[in-house]
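A.B. asks: Given the structure of chain A, go ahead and fit chain B onto it with the hints provided.
Sequence lines, in order, name chains A and B. Residue 687, in full-length UniProt numbering, is where the first sequence stops; the numbers in between run on with no holes. Residue 687, in full-length UniProt numbering, is where the second sequence stops; the numbers in between run on with no holes.
Note that these hints are calculated values from the structure, not bench results. Virtual Cβ for every residue (Gly too), placed ideally from N, Cα, C. Check before you lean on any hint, since a few could be wrong.
To be verified - With a straight-line Cα cutoff of 25 Å, these simulated BS3-like cross-link-like pairs (lysine-lysine) come out: (1) A/Lys312 x B/Lys617; (2) B/Lys312 x B/Lys342; (3) A/Lys312 x A/Lys5; (4) B/Lys502 x B/Lys558; (5) A/Lys617 x B/Lys312; (6) A/Lys128 x A/Lys502; (7) B/Lys616 x A/Lys312; (8) A/Lys502 x B/Lys502; (9) A/Lys558 x A/Lys383; (10) A/Lys128 x A/Lys312; (11) A/Lys616 x B/Lys312; (12) B/Lys225 x B/Lys5; (13) B/Lys30 x B/Lys128.
Claimed, not checked - With beta-carbon atoms standing in for the labels, derived distance ranges: (14) A/Ser43 x B/Val203: 34 to 42 Å; (15) A/Gly635 x B/Gly85: 15 to 23 Å; (16) B/Glu544 x A/His636: 52 to 60 Å; (17) A/Asp582 x B/Glu304: 22 to 30 Å; (18) A/Asp582 x B/Arg204: 46 to 54 Å; (19) A/Thr38 x B/Glu153: 15 to 23 Å.
There are 2 protein chains.
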Amino acid sequence: MEPSKVDVLIVGAGPAGLMLSLWMAKLGIKTRVVDKRTGKIVSGQADGFQCRTLEIFDSFGIGQKVWQESNHMLEVSFWNPGEDGKIRRHHRGPNTQPNLSRFTESVLQQGRVESFLIDTIRASASPKHPLIEIERSVMPTTLSIDESCVNDEDAYPVEVTLRHLTEEEATPTQRLSNLQDGLYRSNLAEDDTEKLIANTSGVREEKVQAKYVVGCDGAHSWVRKTLGEGFEMKGESTDAIWGVLDIIPITDFPDIRSRCMIHSAEFGAMMVIPRENKLVRVYTQLKEVSTGTGRVDRSQITPELILQTARKILSPYTLDYHYIDWWTAYQIGQRVGDRFSKHNRIFLAGDAVHTHSPKAGQGMNVSMGDTYNLGWKLGLVCKKLLRPEVLDTYELERRQIARQLIAFDHKFSRLFSGRPATDGSGEGSSMSEFQEAFREAQLFITGVGIRYQPSLLVCKENDDTGDLGGGLQAETAPQSSAASTAGLATNCRPGTRFASQKVMAQSDARPWELQLQMPSDGRFRIVVFGGDISQAKQLATVNELGAWLQANLLSPAKSPRISLAPGPDPRGGSGSSQWMTDQDPSIVDVLLVHAASREQIELLQDLHPVYHPFDKKLGWDYGKVFVDGQTHHEGHGRAYERYGVDPARGAIVAVRPDGYIGLVTALQGEDGWKQLQAWFGGLLRSV
Amino acid sequence: MEPSKVDVLIVGAGPAGLMLSLWMAKLGIKTRVVDKRTGKIVSGQADGFQCRTLEIFDSFGIGQKVWQESNHMLEVSFWNPGEDGKIRRHHRGPNTQPNLSRFTESVLQQGRVESFLIDTIRASASPKHPLIEIERSVMPTTLSIDESCVNDEDAYPVEVTLRHLTEEEATPTQRLSNLQDGLYRSNLAEDDTEKLIANTSGVREEKVQAKYVVGCDGAHSWVRKTLGEGFEMKGESTDAIWGVLDIIPITDFPDIRSRCMIHSAEFGAMMVIPRENKLVRVYTQLKEVSTGTGRVDRSQITPELILQTARKILSPYTLDYHYIDWWTAYQIGQRVGDRFSKHNRIFLAGDAVHTHSPKAGQGMNVSMGDTYNLGWKLGLVCKKLLRPEVLDTYELERRQIARQLIAFDHKFSRLFSGRPATDGSGEGSSMSEFQEAFREAQLFITGVGIRYQPSLLVCKENDDTGDLGGGLQAETAPQSSAASTAGLATNCRPGTRFASQKVMAQSDARPWELQLQMPSDGRFRIVVFGGDISQAKQLATVNELGAWLQANLLSPAKSPRISLAPGPDPRGGSGSSQWMTDQDPSIVDVLLVHAASREQIELLQDLHPVYHPFDKKLGWDYGKVFVDGQTHHEGHGRAYERYGVDPARGAIVAVRPDGYIGLVTALQGEDGWKQLQAWFGGLLRSV
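Next up, chain A with everything else stripped away, as it sits in the complex (with noise of 0.2 Å):
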């Protein structure tokens, strides 16, 4: 038989594999999806959503699911030991710092999340969209890329045969009595994937040539596995083990719903998690089990041994429970990849190039962050809007975070493991420091403080020095001949996530988190900070950028349309009804935001029609002009100052299909607009 042709081909469909799959549907990628097991996750595993995945999965239409049926988990308490060895309060504060995010920290199961996921895939097929399938019970056994055409945009460089596995040898015994082995899936479990592929008896298998594999098949990945020399991960365990268990805590311990650090005085920390409908995951150091050999007795661990030691730590308040929903047990250790991709034909994402251990609740929101970032470069290059050596950006970006990650990881964990002073004499010194790494690391773990390097995509600012925080250096990348002009938006830095505010559309007076109205649909964004255009002058700045916007940026001429897809959308309705029309939208799309009163300006009238488009089947556009100002039912949310622009002079933000901002320019002057130009330029491929 022939092999099939597809354009991304994605081993793995765990939340990194799905959120590619996602970008893949609405971008309009014919794209296939395996996964060596037969059905998705439905208890256990990864719980905790950090804002700026929150804010990510906003961008999708499907936040709000996750936020309503989530635990929003608002505080973390510090216990330890006082004098008289006895646990007790030490500290209870936020967990998530206030005005970060409108997300906090909340905990769902995994599987939830999968199912929105896979619900919202198929909700974006179109005719310009194809359905996008996951496929269970099917895993590649070889893998070969053809490097004389690695550089041919329109080669299928790589082939994979695909098997496609029985029933049984897709669901693992343990599987069918999952909770008495809650090792499956731990990293203390052996790894199949080699005694699979060795049954050859009766296979049925297929070859597929792929432009692109994405190996999301987790830490024991054999897609990273099978790309051999350079992509060994490195790192180190400890032989630190730890248990979990999901139950419903029958316990009079007070803190039961916060998040909480306890550390006993002699039989080891403890990490509680409120999960949603009554859960509490508990987290247990296993002193019993770690041999300090590096070996560990997994026979040994069991819910009654994790539940026996949490009632030691605990003690002397009491703990039991009648309902269980899943358990683990896990070795801590930290390991990364040095490369993340090859040849930009095949890459590695989530699990699969860093691991790390969960207590953060940092390793689904990195995996998918992974993805995330992918995911919009891979399909717009498929489609031929982006040049190809975007793609070496997903390394450069993504790098850095998996590195940022292992080093918050391994310092945090060491603290959270080791013993710590009774504060008997004053404050326990390690207990102070604890508590202290783990107020620094906030805008990390929320995701929210991540600032990508300067790159194609980010602009540097004229002043800029490299420092990238935290003793980070940005590593040697090609760099946009554009620069980002320092000082006209000071809260909004390249590299970071452009924050939301809220703002006021002009036409109906509705409030709105400005995030979504730049729903994750492949478009770069320019937002017009046009001042106040009450002012006649201002105005006219802002109606002279719109009219040579539309000339040098926007006309059909001048940049690529890009088709939208239908299925859930941010800003309401229920979808976007951009699919409607023939007319396909340029990939570049206009928000203005202005600091005048919403009474002084008439949309139609006072302002450039590319604030407003036209379309001939859907009439102007009503969704594209805010206002800073006061609303009817939702107070004024002050965008102008927290994102520290003047109103008297105004500012252009562009901001990247992911949300992150790639450059910061003046409103006045072609000077300024030229630069966008120029970004752009180094970006897409008919400007």
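C.D. replies: For chain B alone, kept in the frame of chain A given last:
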């Protein structure tokens, strides 16, 4: 064949029938729901959701879905002719008065909401809650009531013949070409019920005996007609005909995304309702087809006619469209029945007992309001938890609302159809009158101002005069032996809905709209405003009350238990977990809102167990105690201030299962507590 038996038979699966079915599903009542049509609505029909309706949806866990998909209609503009005869904007302001509710008026196609209701009905099934399926293409053809046993609660006195229609009968020709005949379902259309009943060839019929039958079968209600004498609708029709278009408009009219009331100099009036998915609904007066003789030439009414009329009214602005979703026309009239039930065995609800014009977005809301009022009463009587005489309050309460609605609509329609004075010589007088009528009606229109009169369910304040406001006087009705104390909670008036304020959970610091902690699950709620319980004396008072409640109201010997259904829960998670235990809770639920600082109180240690009830499978309940205080991320709710409760004194507010206040009494002392006992004693069967 023997007749089958069912507790409740609901005729009609529109919004009223579905809301009733939802209550039955939540309460676990054996119910059948039949509708003569083959499918649910997919376009057009009702679309306006008022604040109170959204609050009700939220109490079933589906408010956020509607809120997210709908268009929020935030502004209203009034346009009328200027001196030159051309229309101009006369006034623009908020469409929903601020601070009435956490919601504002919103617009979404009726069919979407029916889907949400049906999904929630299905999700409420459990071993104790029979699955309720909507039976389409089924209609009643005979109905008889055995009056000899209407007072025997175990009897099934109503016998109904149900006919299973053929697909062709259930799908009238018009339906196949919905857009061609927009008058299908209009009040200008013929009723086909008699024709369907007359066709007896080859029909399949069954007999059903029901304890209760509810006619939710619309303006042509077969159930009402079958009840005969005493059930006629009374009222009048005008000869004003209005047309309705649902289009994606192509227009330069500046306020097309606001609600607009437009009066032209010569061509009549028009209303604009901006909807979801770029749709706009346009209502225009069709003077051409209003013959003045009460007869209408239906054949003249076409989308083109409505568009032409709208164009004339909007001139000099232009109006066109490519997409049309739906259209219809209707004749203005107001009619209401005198009787809403027969022997408390057969009930009428929604359009079956009151009809009016659609422009104020009331129909669907008041119809669902009817069955939201009826459902819990009927369900709890079926379960033998509530005294059957409480059923009398359905007619008492909802006829009052229907009459208010008719009076409002009569005034509003006439004002709107009338020709306004131009504002050449200052302000047009009838325009001001119109605006004033609109403003005054806000409390009624939004549904949040509804005040049910004193009865068994609503305990009169000691100084009550029977004046219901707006010239209405309370009817004579059996009264509770309990009395409310005026002045304890000055913004919690008996008979009004218990408004929502933001409070914070004691256990985990999460901010909550208090209403979300009072889901529609059939339970009465005692909201204890405990005051500043950091004061030892106040804490003692609250705990004494707790002990009294436990001994006198909540113990299994004193109050009936109720099994809770699974399904969406406004409190998050994937549903209530109460059904996971065999220990059913009391029908009386207790919530504590205190005014001490959260840090000063330890839930389990300081408070009586009635405020954190224990379950042997689920442990302590952490979700019953709330704080009026500063939250980490969402400010201070100022609940005591907004409810009008003095923190030094406190209050008890007892709330019905539908969220309306039944009784306000004192926190301190047995005199106040005994009012609770008296109130519940008049309602519940075993207290």
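A.B. asks: A separate judgement is required for each hint: does it hold in the structure or not?
C.D. replies: Results for each hint:
Restraint check for lysine 312 of chain A and lysine 617 of chain B: the C-alpha separation of about 22 Å stays at or below 25 Å, so the hint holds. Restraint check for lysine 312 of chain B and lysine 342 of chain B: not satisfied, since their Cα atoms lie roughly 49 Å apart, outside the 25 Å limit. Our distance criterion of 25 Å between C-alpha atoms is broken by lysine 312 of chain A and lysine 5 of chain A, whose separation comes to about 58 Å. A C-alpha spacing of about 32 Å is found between lysine 502 of chain B and lysine 558 of chain B, which places the hinted pair above 25 Å, so the restraint is violated.
Between lysine 617 of chain A and lysine 312 of chain B, the direct Cα distance comes to roughly 22 Å. Compliance with the 25 Å bound is thereby established for this hinted pair. Under the criterion of a C-alpha separation no larger than 25 Å, the hint pairing lysine 128 of chain A with lysine 502 of chain A is inconsistent with the structure, at around 33 Å. About 22 Å separates the Cα atoms of lysine 616 of chain B and lysine 312 of chain A, which keeps this hinted pair within 25 Å; it holds. For a cut-off of 25 Å, the pair hint linking lysine 502 of chain A to lysine 502 of chain B stands: about 20 Å separates their Cα positions.
A C-alpha spacing of about 16 Å is found between lysine 558 of chain A and lysine 383 of chain A, which places the hinted pair at or below 25 Å, so the restraint holds. Of the supplied pair hints, the one linking lysine 128 of chain A and lysine 312 of chain A is violated, its CA atoms being roughly 60 Å apart against a limit of 25 Å. Taking the CA atoms of lysine 616 of chain A and lysine 312 of chain B, the gap is near 22 Å; set against the 25 Å cutoff, the hint holds. About 24 Å separates the Cα atoms of lysine 225 of chain B and lysine 5 of chain B, which keeps this hinted pair within 25 Å; it holds.
For the proposed pair lysine 30 of chain B and lysine 128 of chain B, the alpha carbon gap of about 10 Å is at most 25 Å, so the pair holds. The hinted window of 34 to 42 Å between serine 43 of chain A and valine 203 of chain B is violated, with their beta carbons roughly 50 Å apart. For the hinted restraint 15 to 23 Å between glycine 635 of chain A and glycine 85 of chain B, the CB-CB distance of approximately 40 Å leaves it violated. Hint check: glutamate 544 of chain B to histidine 636 of chain A, Cβ distance near 46 Å, so the stated range 52 to 60 Å is violated.
Look at aspartate 582 of chain A against glutamate 304 of chain B: about 25 Å separates their beta carbons, and that is inside 22 to 30 Å. Between aspartate 582 of chain A and arginine 204 of chain B the beta carbon distance is about 48 Å. The supplied range of 46 to 54 Å therefore holds. Evaluation of the 15 to 23 Å hint for threonine 38 of chain A and glutamate 153 of chain B yields a failure: the beta carbon distance comes to about 52 Å.
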